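Each chain, written out:
4 protein chains.
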Amino acid sequence: MRSGIGSASERLYCSTRMPAPFRYRHRVSFAECTVGNHVYYARYLEILERARGEFFRAVGTPLAALQTSELIFPVIEAHLHYEAAARYDDELIVEVVVTELDRLHISFAYGVSNTRNTIILTGRTRHICAGPDEKPRRMPPEVFKELNTAFTGAPAPRPAATPRLPKGPSFPV
Amino acid sequence: MRSGIGSASERLYCSTRMPAPFRYRHRVSFAECTVGNHVYYARYLEILERARGEFFRAVGTPLAALQTSELIFPVIEAHLHYEAAARYDDELIVEVVVTELDRLHISFAYGVSNTRNTIILTGRTRHICAGPDEKPRRMPPEVFKELNTAFTGAPAPRPAATPRLPKGPSFPV
Amino acid sequence: MRSGIGSASERLYCSTRMPAPFRYRHRVSFAECTVGNHVYYARYLEILERARGEFFRAVGTPLAALQTSELIFPVIEAHLHYEAAARYDDELIVEVVVTELDRLHISFAYGVSNTRNTIILTGRTRHICAGPDEKPRRMPPEVFKELNTAFTGAPAPRPAATPRLPKGPSFPV
Amino acid sequence: MRSGIGSASERLYCSTRMPAPFRYRHRVSFAECTVGNHVYYARYLEILERARGEFFRAVGTPLAALQTSELIFPVIEAHLHYEAAARYDDELIVEVVVTELDRLHISFAYGVSNTRNTIILTGRTRHICAGPDEKPRRMPPEVFKELNTAFTGAPAPRPAATPRLPKGPSFPV
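Those protein sequence lines, which keep their order, are chains A, B, C and D. The numbering used here applies: residue 5 is where the first sequence begins, and numbers increase by one. The numbering used here applies: residue 5 is where the second sequence begins, and numbers increase by one. The numbering used here applies: residue 5 is where the third sequence begins, and numbers increase by one. The numbering used here applies: residue 5 is where the fourth sequence begins, and numbers increase by one.
Only chain A is shown next, with the shape it has when bound in the complex:
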């Protein structure tokens, strides 16, 4: 069994320019467990949502405030690798790092470990930036700047290339 946080971190990011990952702690409840006393596979996505929400708050752009200014980040992809079972009452440490950022997209990598340093789950999610109509919408410069600082580990030196808006239908989730 691989060792926990260290290895998870190594897998998640290795560039020296990257900041330390954001950390979130989560206690496993009965609601999250299924037959056999382990966390049900869908429930990890709820835990990642909680970690991501606290990441946005820590960065200075809480999702509730972004939503008020008509900006949402629906998920377009999720990839999960289940490495070991988490059990009732386990305390989980979720590490979050930004792995991609432009004014239309943000991607996260996650490593979930328990307090015995066992890696439970690694995963990635990719999100599009959208308006309340669920259509792609470029994030405002100030939001991009905050997220970019978290992405690069330093104040953003220059704006990232502006991607073209896809001629999109509605976007999901």
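It is worth saying that the hints were derived from the structure and are not from the lab.
Have a look at the derived ranges for each label pair, beta carbon to beta carbon:
#1 B:T119 x D:T153: 55 to 63 Å
#2 D:G157 x A:R31: 23 to 31 Å
#3 C:P66 x D:P144: 47 to 55 Å
#4 D:D137 x B:P66: 24 to 32 Å
#5 A:R27 x B:S73: 38 to 46 Å
#6 C:T72 x D:P145: 53 to 61 Å
#7 C:P145 x D:T153: 51 to 59 Å
#8 A:K149 x D:T153: 47 to 55 Å
Sample of chain A residues facing chain C (criterion: CB under 8 Å; computed from the structure):
#9 F34
#10 A35
#11 C37
#12 T38
#13 V39
#14 N41
#15 Y44
#16 A46
#17 Y92
Just so it is clear, the structure is predicted and the values come from calculations on it, not from any experiment. Where a beta carbon is used, it is the ideal one built from N, C-alpha and C, also for glycine.
Using the hints provided, position chains B, C and D relative to the given structure of chain A.
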């Protein structure tokens, strides 16, 4: 927006030897929806579990019976592509096909569409065959045979190569 | 152990004027089970929501259509008696009857049994009729009429007394 | 609208001998919200489970440890009054008090408020003490003593009357 079932099927399988995908219908409830009236991203994994469960039943190896004979199929990987939002009261059609099978592993591909032929989600899950101790366990020949028929669309001509048992620690989910 | 459907029905309604209860079938998934292989206590409320949704559809007033005409039925009370455990893959029969109806409220009683006639759960929910602003709103006569037929088991002979609108703040759930 | 914590407390307990309620804080996630941006009615039971779990830990009898010594507390009744809607990102304060205790039963009352002192929900749950076979089992004296201290707000002066074991079938949830 891509058209639904046809395209989903094309993506899921194109070999002529493959059987038609198993289909499962699901009605979206309020419990599954989140802010903005769309299905929450974790909930699709619950819907896929339901579809998979009915697939196992249709194949003649219901999971409840397998569990009684000490065989479980924990998920080790899940990959989800969210294509469009599903809404409250939508009826969803879930297509399930087996994409990998040996005596230790089974993988599924899924396509979820609504009744307006919009692709909602495509995904894959990979499962290991395990005993109640959560350690890898080769599936019995008769179980393999049933699943292989579903996999190949014809009675299995010869047993698949038997993979070596990984020296595994416990397996998750 | 009490016998199932009969007793549940007896508890739920005994007036001869009442129609047979609406029935909904539900298959228990792993997502709904917790440690010890039984349905997690919150999950029954999701199953009751599904049964209630199908009841509204059967009566001719699907909730999705009501929502479009700006009518919602938030829950204001729920009471649950857990009688026995439901297990993975159990098929549950949910019986639904209307036990209270006026133009601002509707209440339901539920009996959940398995196919071995064991009563799993009995419960009640009380709902207020509200607009999209979550403020109380009297249901339109045609909606009331459909529900009243289900309530009384016969075409409503005369409108129920119209309750006064409470000076309400927002209403929940 | 009633004012929050004060009123909730008044409703929950008024005896001077009672200790201050245990408090648990919970942040509302998207996973918990449904259409219309409010917490889905079943999700409160998950939040109450979390609060109850932390209560047991605070009292010195964590549920995970009790489970290891073959003691579980399945719910046999739940009563919920939904007073106002909780929204995404709301921080909720859950107050928990023990309202009934004997060696076979424990009941809790709950008050959930937001940080603007609005009462969101009040509720009660009743639990039976059971073994892993789901049959009633008297709680050991030391567990009873810890819980009784929390119940009475003082070291338990004498053991509560021992209820007779019901000739029970299996017990749920």
